[in-house]
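J.: Input sequences plus hints: build the corresponding full structure.
These protein sequence lines map, in sequence, to chains A and B. Using our numbering, the first residue of the first sequence is number 1, and each one after it goes up by one. Using our numbering, the first residue of the second sequence is number 1, and each one after it goes up by one.
Among the hints, erroneous ones may be present.
Stated by the list, open to error - Label pairs and their in silico Cβ distance ranges:
1. B/251 to A/100: 53 to 61 Å
2. A/100 to B/200: 49 to 57 Å
3. A/91 to B/209: 30 to 38 Å
4. A/99 to B/345: 47 to 55 Å
5. B/383 to A/75: 17 to 25 Å
6. B/306 to A/30: 51 to 59 Å
7. B/411 to A/48: 44 to 52 Å
8. A/118 to B/209: 48 to 56 Å
9. B/432 to A/7: 53 to 61 Å
Treat the hints as calculated values from the structure; they're not laboratory data. Ideal placement from N, C-alpha and C gives every residue a C-beta, glycine not left out.
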Amino acid sequence: METPDRVRPKVLLVDDDAANLRTFERAFRGEFEIASARSGEAALALLAGGPYDVALIDYSMPGMDGLQLADRIARAHPDVPRIVVTGYGDLPELLAAEERGLVLAVVMKPWDRSELRRTVGRAVRLRAPAARS
Amino acid sequence: VTGEPVLRGRRARLAWEADCLERERREARIVLAFGGVLIPAWALFDLLLEPQLARPFALLRTVGTAACWGAFVALRGERSLARVRAVVGGAVALAGATIAVMLPAVRNFSAYLFGFSLCFWAPGALLSWRVRHALGLSAWLLAVAAAAFALWPGRGLADLVTAGFYLASAAVVSTGMTFAHRRAMYRAFEASHLLERRNAELERALERLGDAQARLVSSEKLSAVGRLLAGLSHEINNPLNVLHNNVEPLREHLARLVDAARVAGAGDPAELAALRARWAELDLDWITADSLDAIDASRVAVDRIRQIQRDLRVFVRGDAPEMVLADVNEGIRATAALLARRLPDGAALSVDLSPLPPIRCHPGQLNQVWHNLLQNGLDAIGERGAVTVSSRLAGDRIEVAVVDTGPGIAPEHRARLFEPFFTTKDVGKGTGLGLATSYQIVQRHGGAFALDPTHAGGARFVVELPVAAT
Numbered sequence: 001m002e003t004p005d006r007v008r009p010k011v012l013l014v015d016d017d018a019a020n021l022r023t024f025e026r027a028f029r030g031e032f033e034i035a036s037a038r039s040g041e042a043a044l045a046l047l048a049g050g051p052y053d054v055a056l057i058d059y060s061m062p063g064m065d066g067l068q069l070a071d072r073i074a075r076a077h078p079d080v081p082r083i084v085v086t087g088y089g090d091l092p093e094l095l096a097a098e099e100r101g102l103v104l105a106v107v108m109k110p111w112d113r114s115e116l117r118r119t120v121g122r123a124v125r126l127r128a129p130a131a132r133s
Numbered sequence: 001v002t003g004e005p006v007l008r009g010r011r012a013r014l015a016w017e018a019d020c021l022e023r024e025r026r027e028a029r030i031v032l033a034f035g036g037v038l039i040p041a042w043a044l045f046d047l048l049l050e051p052q053l054a055r056p057f058a059l060l061r062t063v064g065t066a067a068c069w070g071a072f073v074a075l076r077g078e079r080s081l082a083r084v085r086a087v088v089g090g091a092v093a094l095a096g097a098t099i100a101v102m103l104p105a106v107r108n109f110s111a112y113l114f115g116f117s118l119c120f121w122a123p124g125a126l127l128s129w130r131v132r133h134a135l136g137l138s139a140w141l142l143a144v145a146a147a148a149f150a151l152w153p154g155r156g157l158a159d160l161v162t163a164g165f166y167l168a169s170a171a172v173v174s175t176g177m178t179f180a181h182r183r184a185m186y187r188a189f190e191a192s193h194l195l196e197r198r199n200a201e202l203e204r205a206l207e208r209l210g211d212a213q214a215r216l217v218s219s220e221k222l223s224a225v226g227r228l229l230a231g232l233s234h235e236i237n238n239p240l241n242v243l244h245n246n247v248e249p250l251r252e253h254l255a256r257l258v259d260a261a262r263v264a265g266a267g268d269p270a271e272l273a274a275l276r277a278r279w280a281e282l283d284l285d286w287i288t289a290d291s292l293d294a295i296d297a298s299r300v301a302v303d304r305i306r307q308i309q310r311d312l313r314v315f316v317r318g319d320a321p322e323m324v325l326a327d328v329n330e331g332i333r334a335t336a337a338l339l340a341r342r343l344p345d346g347a348a349l350s351v352d353l354s355p356l357p358p359i360r361c362h363p364g365q366l367n368q369v370w371h372n373l374l375q376n377g378l379d380a381i382g383e384r385g386a387v388t389v390s391s392r393l394a395g396d397r398i399e400v401a402v403v404d405t406g407p408g409i410a411p412e413h414r415a416r417l418f419e420p421f422f423t424t425k426d427v428g429k430g431t432g433l434g435l436a437t438s439y440q441i442v443q444r445h446g447g448a449f450a451l452d453p454t455h456a457g458g459a460r461f462v463v464e465l466p467v468a469a470t
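T.: Following this line, the structure appears as structure tokens:
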């Protein structure tokens, strides 16, 4: 169901797996405004076209992986919080990226709807003061 | 105390005896040649010192010389250590007997005593068996001197002093040499025992190393399979995510439909207008399309998980102690399917299999070989290139070839390919046991495993397995 809020947060979703994109859209279409990209390059192109409240990135993608994309976004759009979604266990490079603030959170696949909603919500709230200024 | 080190086994004893034979024969012949020259030379001294005895002495010396040279010739190429020793013993006995006959008759006793002893001392001191020689000499000198004094009581004091001094010094020197020799022998004995102990320690260390290697080999299997499983876990998590997160929207759709159906079921005609409004609000087309989409996505996800499970089941065939009849192609196909799931865009893994007869094998172990070869190929090509695995029947052997378009194996690495712990991969990427383990597995199957040296561009590994008569 549509959230009665004034504006729905804009989420940039990046995953090379179409089924995963559709699943996310189906789960959150009522709560977020979702733009999806199948690769890092496509995501950067979308980001260049307009502001987003949060980027939700799959870690394992051919070509540019999730961390590389997060790094590019951090340089080009430092105010867009990055969340990485991964099917791998506790990859040390992901934990390190979270520790040094490159990504806000690392979410394990299969994700839980309510938990992911909370994480995205936290990212949006972080972004909000920056967006207003 | 014998000079022989502590030996084990027939081969060691034979080698030692061959070594003794060689040495003792050579030394015996030197001594005999020495005697063969020295004895006739003494005939000159006989003429000078004891002219009245020259004739009988000449006969003895001729016999002695002939015996020396005869034995010298006889020992050439002698293969029996016992005969060499017998000949030497005989020659020494003959020399002693000759001296015993001659010495009591001479006037220049001390000169002869000294001269005869030289015959023993000179060659004996030169050679390694000088101790035995010195002992033999002193025994002979004592016997001869005793005989001489017994038979010739009218000797002067000067002769007595000379003989006494000579015998005493010979006894001291030979005793000293005996001690020195015994010490040397003891050291050799000690050294051989030390060596034996070290050997035992080394054997134990080797055993431990073998155990460690066996453990490492199983850990190599774990690390290779672990890497595969990490990739598969990701592969399973994607469809699992689809399944997990499509259930909730489907449940919501169903709840709305059921709700509407209940109202309709109540069947109150007065409510018909309200029901229609509610129905219209439902947007049935959208719910249907969305539900079907979610169901399709879930079905695809289930199929993906089932396929992974099917491949895994073929890949992880339990390592039963007995070999079983199996189709090698099945394992190759499953292994390739498991590895092909997460490849970079530019990388390809293709499978080209010809029908094969089933062979007796450990399918799980062979899959480890295919996995290793394919993973190595994929590591070699990196982001761009192709790995091809093919199988065919070549006579009574099955031939499986894995070819990659990577940089190939550097010539300096080729000889060490199957060496345990040899790796060119980064730390953490490879244990250096993959190929070594695979090699052992193929050997256990009576097969052959080699890098094709003629293949140009990339690496081509060929595994040959016998089609056993069943």
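J.: State for each hint whether it applies.
T.: Cross-check of the supplied hints:
1. B/251 to A/100: 53 to 61 Å: At 40 Å between Cβs, range violated.
2. A/100 to B/200: 49 to 57 Å: Once the Cβ atoms are compared, 56 Å apart, the range 49 to 57 Å for residue 200 of chain B and residue 100 of chain A holds.
3. A/91 to B/209: 30 to 38 Å: The hinted range 30 to 38 Å holds for residue 91 of chain A and residue 209 of chain B, with Cβ atoms some 34 Å apart.
4. A/99 to B/345: 47 to 55 Å: With a Cβ separation near 31 Å, residue 99 of chain A and residue 345 of chain B fall outside 47 to 55 Å, so the hint is violated.
5. B/383 to A/75: 17 to 25 Å: 23 Å, holds
6. B/306 to A/30: 51 to 59 Å: 32 Å, violated
7. B/411 to A/48: 44 to 52 Å: Roughly 49 Å apart at Cβ, these two residues keep to the hinted range, so it holds.
8. A/118 to B/209: 48 to 56 Å: 54 Å, holds
9. B/432 to A/7: 53 to 61 Å: 57 Å, holds
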